[in-house]
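K.L.:
Sequence:
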Amino acid sequence: MYDSTTVAEHLRGLLENAVGAPLPLDDPAARAASLWNLGLTSAGFMRLLADAEDAFGIEWDLDEPTDAFSSYDALLAHVTAHLERRAAKAGGA
453 MYDSTTVAEH LRGLLENAVG APLPLDDPAA RAASLWNLGL TSAGFMRLLA
503 DAEDAFGIEW DLDEPTDAFS SYDALLAHVT AHLERRAAKA GGA
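To convert, count from 1 in the sequence shown and add 452; that's our numbering.
These are calculated hints, taken from the structure and not from any lab test. Mixed in with the good hints, there may be bad ones.
Claimed, not checked - Distance windows between CB atoms, simulated:
1. Pro-474 to Ala-542: 17 to 25 angstroms
2. Ala-473 to Lys-541: 34 to 42 angstroms
3. Ala-542 to Gly-472: 29 to 37 angstroms
4. Asp-506 to Ser-456: 16 to 24 angstroms
5. Asp-479 to Lys-541: 17 to 25 angstroms
6. Glu-511 to Ala-481: 29 to 37 angstroms
7. Pro-480 to Val-459: 14 to 22 angstroms
8. Ala-484 to Glu-461: 15 to 23 angstroms
9. Ala-481 to Thr-518: 19 to 27 angstroms
As the structure is a prediction and not an experimental result, all values here were calculated from the model. From the three backbone atoms N, C-alpha and C, an ideal C-beta is built for every residue, glycine too.
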């Protein structure tokens, strides 16, 4: 099982690492802002995806909906949904 607070904090750390700077994600407007407006570059985006794969066991598909990457909140919701599906499968197995 996972802890949603821990997931949020870990994802925040991954995003800040990919951006290379602390982010004001305690502000709801910043959490809803475009990742690009937060300073994420294309290279940083690739790093974020790879780090999230390692941290959360996610395998990104080429047909991943782009809105999953529209903001920190959207990315967090996507990662959380993935972890919930995985936990449900493990519980039903």
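K.L.:
It remains to establish, for every hint, whether it holds in the given structure.
P.N.:
A quick look at each hint next to the structure:
1. Pro-474 to Ala-542: 17 to 25 angstroms: Violated - the Cβ-Cβ distance for Pro-474 and Ala-542, about 34 angstroms, lies outside 17 to 25 angstroms.
2. Ala-473 to Lys-541: 34 to 42 angstroms: With a Cβ separation near 37 angstroms, Ala-473 and Lys-541 satisfy 34 to 42 angstroms, so the hint holds.
3. Ala-542 to Gly-472: 29 to 37 angstroms: Roughly 35 angstroms apart at Cβ, these two residues keep to the hinted range, so it holds.
4. Asp-506 to Ser-456: 16 to 24 angstroms: About 19 angstroms separates the Cβ atoms of Asp-506 and Ser-456, which means 16 to 24 angstroms holds.
5. Asp-479 to Lys-541: 17 to 25 angstroms: 35 angstroms, violated
6. Glu-511 to Ala-481: 29 to 37 angstroms: Holds, since Glu-511 and Ala-481 (Cβ atoms, about 31 angstroms apart) stay within the stated range.
7. Pro-480 to Val-459: 14 to 22 angstroms: 18 angstroms, holds
8. Ala-484 to Glu-461: 15 to 23 angstroms: About 18 angstroms separates the Cβ atoms of Ala-484 and Glu-461, which means 15 to 23 angstroms holds.
9. Ala-481 to Thr-518: 19 to 27 angstroms: At roughly 21 angstroms between Cβ atoms, Thr-518 and Ala-481 fall inside 19 to 27 angstroms, so the hint holds.
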